[in-house]
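Visitor: Sequence order for the protein chains is A and B.
Quick note on numbering: our numbering labels position 54 of the first sequence as 54, and the sequence is numbered without any gaps.
Quick note on numbering: our numbering labels position 26 of the second sequence as 1026, and the sequence is numbered without any gaps.
Derived from the structure by calculation, the hints contain no laboratory data.
Source: prediction; values computed, not measured.
A virtual CB, placed ideally from N, CA and C, is assigned to each residue, including glycine.
Among the hints, erroneous ones may be present.
[Unchecked claim] To give an idea of the chain B side of the interface with chain A (calculated C-beta under 8 Å), a few residues:
| # | residue |
| --- | --- |
| 1 | L1076 |
| 2 | G1082 |
| 3 | P1094 |
| 4 | P1096 |
| 5 | V1100 |
| 6 | N1104 |
| 7 | W1110 |
| 8 | T1123 |
| 9 | A1124 |
| 10 | P1245 |
| 11 | I1247 |
| 12 | P1249 |
| 13 | F1273 |
[Unchecked claim] Quick list of in silico lysine-lysine cross-link-like pairs, DSS-like style, CA-CA up to 27 Å:
| # | chain 1 | residue 1 | chain 2 | residue 2 |
| --- | --- | --- | --- | --- |
| 14 | B | K1148 | A | K180 |
| 15 | B | K1134 | B | K1174 |
| 16 | B | K1176 | B | K1251 |
| 17 | A | K255 | A | K180 |
| 18 | B | K1282 | A | K180 |
| 19 | B | K1134 | B | K1176 |
| 20 | B | K1134 | A | K180 |
| 21 | B | K1148 | B | K1174 |
| 22 | A | K37 | A | K47 |
| 23 | A | K31 | A | K47 |
| 24 | A | K180 | B | K1176 |
| 25 | A | K8 | A | K180 |
| 26 | B | K1174 | B | K1130 |
| 27 | A | K180 | B | K1174 |
| 28 | B | K1148 | B | K1130 |
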Amino acid sequence: MTKSSLSKPMGLLVSIVSVLIALVVWQILAKQGLLGKNFPGSLETLKELQWWLSDPFFNNGPNDLGIGTNLLISLRRVMIGYSLSIVVAVPLGLLIGVSRLASSSANPFIQLLKPVSPLAWLPIGLFVFRDSELTGIFVIFISSVWPTLISTSFGVQTINPDYLRVSRSLGASQLRTITKVVLPAVMPNILAGMRISMGIAWLVIVAAEMLLGSGIGYFIWNEWNNLSLPNIFVAIIVIGLTGILLDQFIGALQKRFDYQL
Amino acid sequence: MSATNDYSEVQLSIENVGKVFTSEPGLLRSLSRRRTSAGYVALEDVNLRIEENTFVSIIGPSGCGKSTLLNLMAGLDEPSSGQILMDGLRIRGPGPDRGVVFQNYVLMPWLTALENVIYAIETAQPSISKGNAKEQAREYLSMVDLEKAMDRYPREMSGGMKQRVAIARALSIKPKILLMDEPFGALDALTRGYLQEEVLHLWENHRVTVVLVTHSIDEALLLSDQIVLMSSGPNARISDLIDLPRIRPRKRNMIETNPDFLAVKQRLEDHLFRETRAIEEK
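Could you build all of it, start to finish, from the sequences and the hints given here?
Guide: Here it is in structure tokens:
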């Protein structure tokens, strides 16, 4: 990749300057009243952020939780729903990739359900589970299962047939070939899918939690009811930063398992 | 035919083998039973007996089905007619009694050289302990002079090194027959010559039966006890069988000075030239 001649530290500096400029422009626009009456400026928002971060884990009842507490509630839901989706998607993806019968049976459901908005699953989850916590986890699961499923089965279908030939020529059983050859061979595909799934899981949690009564998504809904725009911006910043960390974590796993590099 | 009639020495016996490739995928073909597609006849009526501990080269013009024949011996593919016997038993699939070396090495890129060989050993001997498998893998890699590169990944190795790992891997399952499908075809000329010498020494010190598919006359002359000539496909068959003087150890200059070798070389060149011209003028 030839990305112009900017050096790495120089690039970092440019990024920082770019953020600072955006904060300044935001502050000026807000103070000039160009974004509507009482729209918070960046200074006010950063002050609020500092306040929330100074004591992130307080608990004064369900409608007054620290932002860290809410974040942990959301992360817990995401982790459970996401882990379930991986546990289902990887074996199912392998099966769909290996067997034409499985792929023909599963394909209509994948194609039909994949584009459905996560929010459409909320009423169904609430009806079936009669429990907001389970519903949240269910919505995360059903929204984030598809990319990993599709990427895994695609990986199996495009695996270099020579690997399978070598394994067969050594007399390996089907099971041994799947666990020792197919699985590591499609690991990069699985992780690429997992990275997209993670993005979706984190994206969906905010929407799901607006109706659930706790977590970072509910925090936003609650602050909207309090008409506290700065706090909403604080939540957006926290959500964004957490999203980066989650993405980087899977990115690191990808580097670890990418045998092409 | 100059093959011996001493049946007790025959290890691999190819009997009336034919191979037809049909273009339709399996599922479709079974659904439309009425259609009898003619298909492509790659091999027709091939007969060959390979004696124990001999080095046999199969040579022929490109596309003559020599790799197809090797795949049948490996059990990776099934003959459409006839049968292949190994020690008197019909081959029904791949097995650890036959080791295969492929042209493009095919090492698992997520495993080191050592781990690639360990995978083969543990596949062939499921009950072996981890320590023993590692020990044996080291031995086989040392045999091909790779003791210093054991922990490298395939991407960190040259083509020649990768092929040596592949040879060590094929030998590590202690096969009775080593099947090599143009193993030096993807290497540059210098590396190829070096690896041929390696295989020559290896074979002269640890005899196993070897079947080598090649299109290099010099390679066949340098290594083989017997050369199998194939006619051009489709409907390829074995057109000649040449026994070479069993002078061992063999040296490269021998095949350029010894009149017996020179005569065989002339014969091979004539045959390949004729067969290639037949293909080109079709």
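Visitor: All the hints need checking, so say for each whether the structure fits it.
Guide: To see whether the hints hold, each was checked on the structure:
Given hint, B/L1076 at the interface with chain A, holds; its Cβ is 6 Å from that chain's nearest Cβ, closer than 8 Å. For B/G1082, the suggested interface contact is broken, since its CB lies about 21 Å from the closest CB of chain A, more than 8 Å. Interface restraint check: B/P1094 against chain A, minimum CB-CB distance 5 Å, threshold 8 Å, status holds. With a least beta-carbon distance of about 5 Å to chain A, the hint placing B/P1096 at the interface is held under the 8 Å criterion.
The interface hint given for B/V1100 is met, as the beta carbon of that residue sits about 4 Å from the closest beta carbon of chain A, less than 8 Å. This hint holds: B/N1104 has a C-beta 7 Å from the nearest C-beta of chain A, less than the 8 Å allowed. Because the smallest distance between the Cβ of B/W1110 and any Cβ of chain A comes to about 4 Å, under 8 Å, the interface hint for this residue holds. The criterion of a C-beta within 8 Å of any C-beta in chain A is met by B/T1123, whose closest approach is roughly 4 Å, and the hint holds.
Because the smallest distance between the Cβ of B/A1124 and any Cβ of chain A comes to about 6 Å, under 8 Å, the interface hint for this residue holds. Taken as an interface hint, B/P1245 does not check out: its beta carbon lies about 33 Å from the nearest beta carbon of chain A, beyond 8 Å. Annotation: B/I1247 was flagged as interfacial toward chain A, and the flag is violated, the nearest CB pair being 32 Å apart, outside 8 Å. Checking B/P1249 against chain A: minimum C-beta separation of about 30 Å lies over 8 Å; hint violated.
Of the supplied interface hints, the one on B/F1273 is violated, with its beta-carbon coming no nearer than about 32 Å to a beta-carbon of chain A, more than 8 Å. Distance restraint check for B/K1148 and A/K180: the Cα-Cα separation of roughly 25 Å lies within the 27 Å cut-off, and the hinted pair is therefore satisfied. A hinted pair counts as satisfied when its Cα atoms are at most 27 Å apart, and B/K1134 with B/K1174 qualifies at roughly 15 Å. A hinted pair counts as satisfied when its Cα atoms are at most 27 Å apart, and B/K1176 with B/K1251 qualifies at roughly 25 Å.
For the given pair, A/K255 sits about 20 Å from A/K180 by alpha-carbon distance, which is consistent with the 27 Å threshold. The straight-line distance between the Cα atoms of B/K1282 and A/K180 is roughly 46 Å, outside the 27 Å bound, and the hint therefore fails. With a C-alpha separation of about 22 Å, the suggested pairing of B/K1134 with B/K1176 holds against the 27 Å cut-off. Restraint check for B/K1134 and A/K180: the C-alpha separation of about 17 Å stays at or below 27 Å, so the hint holds.
Taking the CA atoms of B/K1148 and B/K1174, the gap is about 23 Å. The hint holds against a cut of 27 Å. The suggested pairing of A/K37 with A/K47 holds, with an alpha-carbon distance near 19 Å, which does not exceed 27 Å. Straight-line distance between C-alpha atoms of A/K31 and A/K47 comes to about 16 Å, which keeps the hinted pair within the 27 Å bound. Taking the CA atoms of A/K180 and B/K1176, the gap is near 25 Å; set against the 27 Å cutoff, the hint holds.
Proximity of A/K8 to A/K180 is assessed by CA-CA distance (about 39 Å); at most 27 Å being required, the pair is judged violated. This hinted pair checks out: B/K1174 and B/K1130 have alpha carbons roughly 17 Å apart, not beyond 27 Å. Proposed proximity of A/K180 and B/K1174 is supported: the alpha carbons are some 21 Å apart, at most 27 Å. Proximity of B/K1148 to B/K1130 is assessed by CA-CA distance (about 21 Å); at most 27 Å being required, the pair is judged to hold.
Hint compliance for this structure: hints 2, 10, 11, 12, 13, 18 and 25 are broken, all remaining hints hold.
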